[in-house]
Amino acid sequence: MQAQLWQLVRFALVGLVNTGTFYLLYRALHPFLPYFAAFTAAFLLSMVGSFFLHTRFTYRTRPSWRKFLLFPLPNLVNYLVQSVGVLALVQWFGLDSRIAPLPAAAVAIPVTFLLSRLVLTGRASAEPDQLGPAAVRVEVVDQ
Numbered sequence: 133m134q135a136q137l138w139q140l141v142r143f144a145l146v147g148l149v150n151t152g153t154f155y156l157l158y159r160a161l162h163p164f165l166p167y168f169a170a171f172t173a174a175f176l177l178s179m180v181g182s183f184f185l186h187t188r189f190t191y192r193t194r195p196s197w198r199k200f201l202l203f204p205l206p207n208l209v210n211y212l213v214q215s216v217g218v219l220a221l222v223q224w225f226g227l228d229s230r231i232a233p234l235p236a237a238a239v240a241i242p243v244t245f246l247l248s249r250l251v252l253t254g255r256a257s258a259e260p261d262q263l264g265p266a267a268v269r270v271e272v273v274d275q
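Counting with the working numbering, you get residues 133 to 275 for the letters of the sequence shown.
I should point out that these hints are in silico values taken from the structure, not numbers from a laboratory.
We treat Cβ as the ideally placed atom computed from N, Cα and C, and that holds for glycine.
Hints should not be assumed to be uniformly reliable.
Have a look at the derived ranges for each label pair, beta carbon to beta carbon [stated by the list, open to error]:
{"id": "1", "residue 1": "R194", "residue 2": "R159", "range": "32 to 38 Å"}
{"id": "2", "residue 1": "W197", "residue 2": "D228", "range": "36 to 42 Å"}
{"id": "3", "residue 1": "V149", "residue 2": "V243", "range": "17 to 23 Å"}
Using the sequences and the hints given, assemble the complete structure.
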């Protein structure tokens with residue numbers, strides 16, 4: 133239980149850094165692009181940094197091309213939840229488009245945590261952190 137709690141704390145810290153990076157990119161792009169295009173570009177750029185922070189710091193596993201290629205899956209769910217949130221907050225509730233991504237991101241956090249842990253560690257529940265190769269089952273077959 134304690135390992136899972138610390139993993140959640142690290143996830144939250146990386147999330148704060150990633151949200152800050154995303155928001156800075158969003159605000160930098162917002163004057164030059166429509167708000168939703170700025171949102172999408174900032175999201176994609178910050179996702180690359182998020183991958184490396186989550187693999188090494190949050191889940192203490194080694195980055196790989198396979199994980200990198202799978203990492204967008206939980207982020208796609210995150211993107212969809214946040215996109216609907218941003219559009220709803222701006223279009224229906226009249227929230228300022230410069231602020232709307234922040235509450236939309238808060239809604240997506242729990243789902244993203246569970247899905248990213250599954251993709252980056254290969255397991256749905258937290259186990260003690262180990263940085264190193266996973267055990268591989270080897271079978272010897274007589275010919």
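Check your understanding: Which of the numbered hints are not met once you compare them with the structure shown?
Key -> Every hint satisfied by this model.
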